[in-house]
Amino acid sequence: MESIPVDQPVRAAAELLGRARRVVVFTGAGMSAESGVPTFRDALTGLWQRYDAQALATPEAFRADPALVWGWYEWRRHAVRLARPNPGHRAVAAIQARVPGTVLITQNVDDLHERAGSPDPLHLHGSLFAPRCSACAHPAPMQDEPADGRRVSPPECARCAAPVRPGVVWFGEALPGAALEAAVEAASSCDLLVTVGTSGLVYPAAEIPQVAARLGAAVIQVNPEQTPLDPIAEVNLRGPAATVLPALVDAAWGDPAG
Numbered sequence: 001m002e003s004i005p006v007d008q009p010v011r012a013a014a015e016l017l018g019r020a021r022r023v024v025v026f027t028g029a030g031m032s033a034e035s036g037v038p039t040f041r042d043a044l045t046g047l048w049q050r051y052d053a054q055a056l057a058t059p060e061a062f063r064a065d066p067a068l069v070w071g072w073y074e075w076r077r078h079a080v081r082l083a084r085p086n087p088g089h090r091a092v093a094a095i096q097a098r099v100p101g102t103v104l105i106t107q108n109v110d111d112l113h114e115r116a117g118s119p120d121p122l123h124l125h126g127s128l129f130a131p132r133c134s135a136c137a138h139p140a141p142m143q144d145e146p147a148d149g150r151r152v153s154p155p156e157c158a159r160c161a162a163p164v165r166p167g168v169v170w171f172g173e174a175l176p177g178a179a180l181e182a183a184v185e186a187a188s189s190c191d192l193l194v195t196v197g198t199s200g201l202v203y204p205a206a207e208i209p210q211v212a213a214r215l216g217a218a219v220i221q222v223n224p225e226q227t228p229l230d231p232i233a234e235v236n237l238r239g240p241a242a243t244v245l246p247a248l249v250d251a252a253w254g255d256p257a258g
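In terms of the working numbering, the sequence shown has 245 at position 245, counting the first letter as 1, and numbering is strictly consecutive.
Treat the hints as calculated values from the structure; they're not laboratory data. Beta carbons: idealized from backbone N, C-alpha and C, even for Gly. A portion of the hints provided could be inaccurate.
[As the list claims (entries may be wrong)] Quick list of the computed label-pair ranges, beta carbon to beta carbon: (1) M142 / Q8: 43 to 49 angstroms; (2) G101 / A178: 17 to 23 angstroms; (3) E15 / A158: 49 to 55 angstroms; (4) G117 / M142: 19 to 25 angstroms; (5) Q8 / P100: 23 to 29 angstroms; (6) G117 / A161: 37 to 43 angstroms; (7) M142 / E225: 33 to 39 angstroms; (8) Q143 / A97: 30 to 36 angstroms; (9) Q8 / P155: 52 to 58 angstroms; (10) G18 / A158: 48 to 54 angstroms; (11) G101 / H78: 30 to 36 angstroms; (12) A135 / Y51: 22 to 28 angstroms; (13) A182 / G216: 15 to 21 angstroms.
Generate the whole structure from the sequences, applying the supplied hints.
This is the structure in structure tokens:
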């Protein structure tokens, strides 16, 4: 792979983006963190500070204490509602507007991409805004909970009366089949994949950029830190998405989209 001079990464990435015809944008937790959404690596606060976030995000935890887990996810959803899309989210929407057919794949369970104007992102890890029955998977309405968080029993399914669960993928669960299949298909047929704010460590989602690279697509990585995706990226753009992505859109089309 031809090396890119270090003083030209944004220009090189903009050239790739400007001539791409089938684009995939793949986003991870770093994208939402720039809007103030806590990640699983962040320490919990308030009522939740004595808990391990990863220990709450399992089917076993929900079975053992559904009120605790449901309350925590309601608190998370409230925190997301207070967050706002950042310029990086808006730049992704601008790429979709400039390159028809661009597919947005996200590991994030918030709705910041949708609020920034991105239509129909593929949510590989589900969504905080799509609760469903824990038994029959029937969709359920959302509730409003206090900002401080509390233990609260989940509502009952209107169809079968089983407890409603958060519509996210927990540790130990498989990714939603339809979303994963669509993501792999998009990665397999794109000529450019832009990966943003993902560690490249959470599988099977982390395989998506690898699929694109193996099948000949160029990969642009946007991340403040080095990741396992560095070696497959044709261009690595170091910095926060809220700064780098608008600069990339501006360099490609003269539109900062911020």
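Evaluation of the provided hints:
no., hint, in the structure
1, M142 / Q8: 43 to 49 angstroms, "holds, 47 angstroms"
2, G101 / A178: 17 to 23 angstroms, "holds, 19 angstroms"
3, E15 / A158: 49 to 55 angstroms, "holds, 53 angstroms"
4, G117 / M142: 19 to 25 angstroms, "holds, 22 angstroms"
5, Q8 / P100: 23 to 29 angstroms, "holds, 28 angstroms"
6, G117 / A161: 37 to 43 angstroms, "holds, 38 angstroms"
7, M142 / E225: 33 to 39 angstroms, "holds, 34 angstroms"
8, Q143 / A97: 30 to 36 angstroms, "holds, 34 angstroms"
9, Q8 / P155: 52 to 58 angstroms, "holds, 55 angstroms"
10, G18 / A158: 48 to 54 angstroms, "holds, 50 angstroms"
11, G101 / H78: 30 to 36 angstroms, "holds, 35 angstroms"
12, A135 / Y51: 22 to 28 angstroms, "holds, 25 angstroms"
13, A182 / G216: 15 to 21 angstroms, "holds, 20 angstroms"
When the structure is compared with the earlier hints, no violation turns up for any of them.
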